[in-house]
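Given the coordinates of chain A, work out where chain B should sit on it, guided by the hints.
Number of protein chains: 2
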Amino acid sequence: MGAVADEPWLTDEEQKSWRSYLLMRRTLESHLERHLQREFGLSGSDFEILVNLSESETGRMRAFELGEATQWEKSRMSHHLSRMEKRGLIRKEACDARYPEIALTEQGRAAIEACAPAHVGRVRELFVDVFGPDRMAMLGAASDDVIAAIGKHQHTNCPPDVSGC
Amino acid sequence: MGAVADEPWLTDEEQKSWRSYLLMRRTLESHLERHLQREFGLSGSDFEILVNLSESETGRMRAFELGEATQWEKSRMSHHLSRMEKRGLIRKEACDARYPEIALTEQGRAAIEACAPAHVGRVRELFVDVFGPDRMAMLGAASDDVIAAIGKHQHTNCPPDVSGC
Numbered sequence: 009m010g011a012v013a014d015e016p017w018l019t020d021e022e023q024k025s026w027r028s029y030l031l032m033r034r035t036l037e038s039h040l041e042r043h044l045q046r047e048f049g050l051s052g053s054d055f056e057i058l059v060n061l062s063e064s065e066t067g068r069m070r071a072f073e074l075g076e077a078t079q080w081e082k083s084r085m086s087h088h089l090s091r092m093e094k095r096g097l098i099r100k101e102a103c104d105a106r107y108p109e110i111a112l113t114e115q116g117r118a119a120i121e122a123c124a125p126a127h128v129g130r131v132r133e134l135f136v137d138v139f140g141p142d143r144m145a146m147l148g149a150a151s152d153d154v155i156a157a158i159g160k161h162q163h164t165n166c167p168p169d170v171s172g173c
Numbered sequence: 009m010g011a012v013a014d015e016p017w018l019t020d021e022e023q024k025s026w027r028s029y030l031l032m033r034r035t036l037e038s039h040l041e042r043h044l045q046r047e048f049g050l051s052g053s054d055f056e057i058l059v060n061l062s063e064s065e066t067g068r069m070r071a072f073e074l075g076e077a078t079q080w081e082k083s084r085m086s087h088h089l090s091r092m093e094k095r096g097l098i099r100k101e102a103c104d105a106r107y108p109e110i111a112l113t114e115q116g117r118a119a120i121e122a123c124a125p126a127h128v129g130r131v132r133e134l135f136v137d138v139f140g141p142d143r144m145a146m147l148g149a150a151s152d153d154v155i156a157a158i159g160k161h162q163h164t165n166c167p168p169d170v171s172g173c
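Protein chains in written order, with this note's numbering: chain A, 9 to 173; chain B, 9 to 173.
Next comes chain A alone, as it looks inside the complex:
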């Protein structure tokens, strides 16, 4: 490493905020997942798939679209969808044998509708209301900026055959 400007290390202030953010992310995520699991028998991963399907216009999406929405790797997606199909929450519909559509079943829709109010209630109580309107708006804007920066970084630095370098 060369001049000070090249040193990536965070200042004490930055480090403190970054650590708080990491711990919050982890604490909130595991709190919400335990709540879903205990009260509704759904994992965080189940919930993510069900939310995406239930909000799509037709109640069905292709696996690669779910992959874009969740940022999961292909193999994780494929294994998880198979487990959810066995439990009757989704159904694979082979209008095209290689790229089946993933459809929400009635049971899957009932599951997401049953847990959504309690889940959103936790999100409101423990996150949205704690941030308050100004900090929420700020977080939303800063999050969009980070997503744009990552997109730009990948566009600038990654050869097309290397995913997300």
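Check each hint, because a few of them may be wrong.
[What the hints assert, rightly or not] Label-pair distances were calculated between CB atoms; the ranges are: (1) B:Ser-62 x A:Gly-140: 20 to 26 Å; (2) B:Lys-160 x A:Gly-52: 18 to 24 Å; (3) A:Ala-102 x B:Pro-167: 43 to 49 Å; (4) B:Ala-102 x A:Glu-65: 55 to 61 Å; (5) B:Asp-142 x A:Glu-81: 34 to 40 Å; (6) A:Glu-65 x B:Ser-62: 35 to 41 Å; (7) A:Glu-65 x B:Thr-19: 49 to 55 Å; (8) A:Gly-52 x B:Ser-86: 17 to 23 Å; (9) A:Ser-64 x B:Glu-101: 50 to 56 Å; (10) A:Gly-159 x B:Glu-101: 15 to 21 Å; (11) A:Trp-17 x B:Asn-165: 36 to 42 Å; (12) B:Lys-94 x A:Thr-164: 34 to 40 Å; (13) B:Ala-102 x A:Glu-133: 19 to 25 Å.
None of these hints come from the bench; they were simulated from the model. Beta carbons are placed, not taken as given, at the ideal position from N, Cα and C, and that holds for glycine.
Showing chain B alone in chain A's frame:
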């Protein structure tokens, strides 16, 4: 559901910010994990364990302390530590047969020291510098508030034998 005050649903504004936050969290996490994996052969989970051990005063911690720091479930921790031990990154030291200490090996320390500058460089470029000092400070404070709110919620609502209800 009863009066409007009981409705947990988020307003459009809140929903937009919450969704941006979720997508940012996911996009950043998977970007940083792919970078660690590709450049250094470490998973995000490996990195988390190595960081915690390398920052502990003695380079060793008990599994339950790692569990508190990472918020992982016991079985995930136990499986992951076994895999890391096989790869020579950590060592279980049975000063107490039931609760062995997890110690960083030389190889584990070399691995974390090799990847840390590049990892922190990404965190700075794509997150800390994008937020900027004011928004970082705000995020840190709000994150501390959320962690406190979850702690208070659990303290108030959970019987001692139900973890994180």
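We went through each hint and held it up to the structure:
1. B:Ser-62 x A:Gly-140: 20 to 26 Å: 36 Å, violated
2. B:Lys-160 x A:Gly-52: 18 to 24 Å: 22 Å, holds
3. A:Ala-102 x B:Pro-167: 43 to 49 Å: Given about 47 Å between the Cβ atoms, the range holds.
4. B:Ala-102 x A:Glu-65: 55 to 61 Å: 57 Å, holds
5. B:Asp-142 x A:Glu-81: 34 to 40 Å: 35 Å, holds
6. A:Glu-65 x B:Ser-62: 35 to 41 Å: At roughly 48 Å between Cβ atoms, Ser-62 (chain B) and Glu-65 (chain A) fall outside 35 to 41 Å, so the hint is violated.
7. A:Glu-65 x B:Thr-19: 49 to 55 Å: 22 Å, violated
8. A:Gly-52 x B:Ser-86: 17 to 23 Å: 20 Å, holds
9. A:Ser-64 x B:Glu-101: 50 to 56 Å: Given a distance of about 51 Å, which is inside 50 to 56 Å, the answer is holds.
10. A:Gly-159 x B:Glu-101: 15 to 21 Å: 45 Å, violated
11. A:Trp-17 x B:Asn-165: 36 to 42 Å: Holds, since Trp-17 (chain A) and Asn-165 (chain B) (Cβ atoms, about 40 Å apart) stay within the stated range.
12. B:Lys-94 x A:Thr-164: 34 to 40 Å: 38 Å, holds
13. B:Ala-102 x A:Glu-133: 19 to 25 Å: 43 Å, violated
Checked against the numbered hints given earlier, this structure breaks hints 1, 6, 7, 10, 13; the rest are met.
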